[in-house]
Amino acid sequence: MRIKYIYLTLIVFFITGNMAKASQPNSAEATDSLPTLIFAVQPMYIAISGLRLDVDINLTKNHSLQLSPILFYRNNFSGSYIIWGVHIDRKRGAGFHLYHRFYPGEGLGKSKFYISHGPVWHYNYINWKETIPGTNAERYNSIHKLGWDVMIGRYLISTNRLVLDIYTGMGLRHSILATDADNRNEMNYNYWSPGYSGAILLFGFRLGLATGMKSF
Numbered sequence: 001m002r003i004k005y006i007y008l009t010l011i012v013f014f015i016t017g018n019m020a021k022a023s024q025p026n027s028a029e030a031t032d033s034l035p036t037l038i039f040a041v042q043p044m045y046i047a048i049s050g051l052r053l054d055v056d057i058n059l060t061k062n063h064s065l066q067l068s069p070i071l072f073y074r075n076n077f078s079g080s081y082i083i084w085g086v087h088i089d090r091k092r093g094a095g096f097h098l099y100h101r102f103y104p105g106e107g108l109g110k111s112k113f114y115i116s117h118g119p120v121w122h123y124n125y126i127n128w129k130e131t132i133p134g135t136n137a138e139r140y141n142s143i144h145k146l147g148w149d150v151m152i153g154r155y156l157i158s159t160n161r162l163v164l165d166i167y168t169g170m171g172l173r174h175s176i177l178a179t180d181a182d183n184r185n186e187m188n189y190n191y192w193s194p195g196y197s198g199a200i201l202l203f204g205f206r207l208g209l210a211t212g213m214k215s216f
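With the numbering used here as the guide, the letters of the sequence shown map in order to residues 1 to 216.
One or more hints might be untrue.
[Stated by the list, open to error] Listed below are the simulated PhoX-like cross-link pairs for lysine-lysine, each with C-alpha atoms no more than 25 Å apart in a straight line:
(1) Lys-112 <-> Lys-214
(2) Lys-129 <-> Lys-110
(3) Lys-110 <-> Lys-214
(4) Lys-145 <-> Lys-61
(5) Lys-110 <-> Lys-61
(6) Lys-214 <-> Lys-61
Read the hints as simulated data drawn from the structure, not as lab findings.
Please work from the sequences and hints to get the whole structure.
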């Protein structure tokens, strides 16, 4: 299942990347008038049953804040045990990322690269089945996940204000679990588990729209 998401991501990445480059303005046309807000979504969050909206607030030409509220919702996970080692029936949750983005050199609109870092919080309430001798018992897991991310990325803003943002980096996660299961570490089964604690590799892309114009 995860391989399918990776293939989908690569296909969307190449198609969207080519479209964005085709509509990229020439450097001679660039001005000091820059978008004040960027709204974006992250398609890869579908892989973890999430919906994430990013709002970038541009403070100066070199600095911006990225606010990222997240919702998690899923019923009847078909085949989830293949990824996480358990069969999950239901997941509810929310999250929030707060990043500081730095555009080096001449800043947003001229420098196409950025550095981003900031704190992460996720909460998930998960119902799942634990196999015990003779039956499957209904269990729950309440998971608070704290972390910090550091990323580098490249972005493109087209003439019609469409935004493509590609990033990679590293993060740390620490999960605090409460459960009625006999195996308290079931949700920290492996790297992809919702209760995983440790280092993670970050990669992905954002699709968005730039709004408002201001001279910084």
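For which of the previously enumerated hints does the structure constitute a violation, in increasing order of number?
-> 2, 4
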